[in-house]
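Undergrad: Sequence:
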Amino acid sequence: MLSGEPDLGRVPPDFPADKVRETARALQVELAQLSTNSTHIVCDTYGHYIPLTNPELVVQAIHQVIER
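Residue numbers (the numbering used here): 1 to 68.
Worth flagging that the hints you see were computed from the coordinates, not collected in a lab. Glycine included, each C-beta is placed from N, C-alpha and C at the ideal position. None of the hints are false.
Simulated restraints on C-beta separations:
no. : residue 1 : residue 2 : range
1   : K19       : N54       : 20 to 30 angstroms
2   : D14       : E56       : 35 to 45 angstroms
3   : L34       : I62       : 13 to 23 angstroms
4   : V59       : A24       : 23 to 33 angstroms
Put together the whole structure using the sequences plus the hints.
TA: Right under this line is the structure:
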């Protein structure tokens with residue numbers, strides 16, 4: 001499973017960004033743990049567009065699945 005950091009660019013300045021980031025990470029870990037055969041890779045880019053922002057990471061993840 002690939003996940004990115006939450007995009008906090010549109011969050012109001014007084015919003016608890018650290019709490020949003022912490023909650024998003026916890027939910028992604030929980031989601032990855034729903035499978036007994038998963039790997040969770042966190043991409044250092046933001047949002048849901050990992051194939052666009054970091055395509056090499058996607059290719060590496062696909063190769064890992066195929067090799068298993």
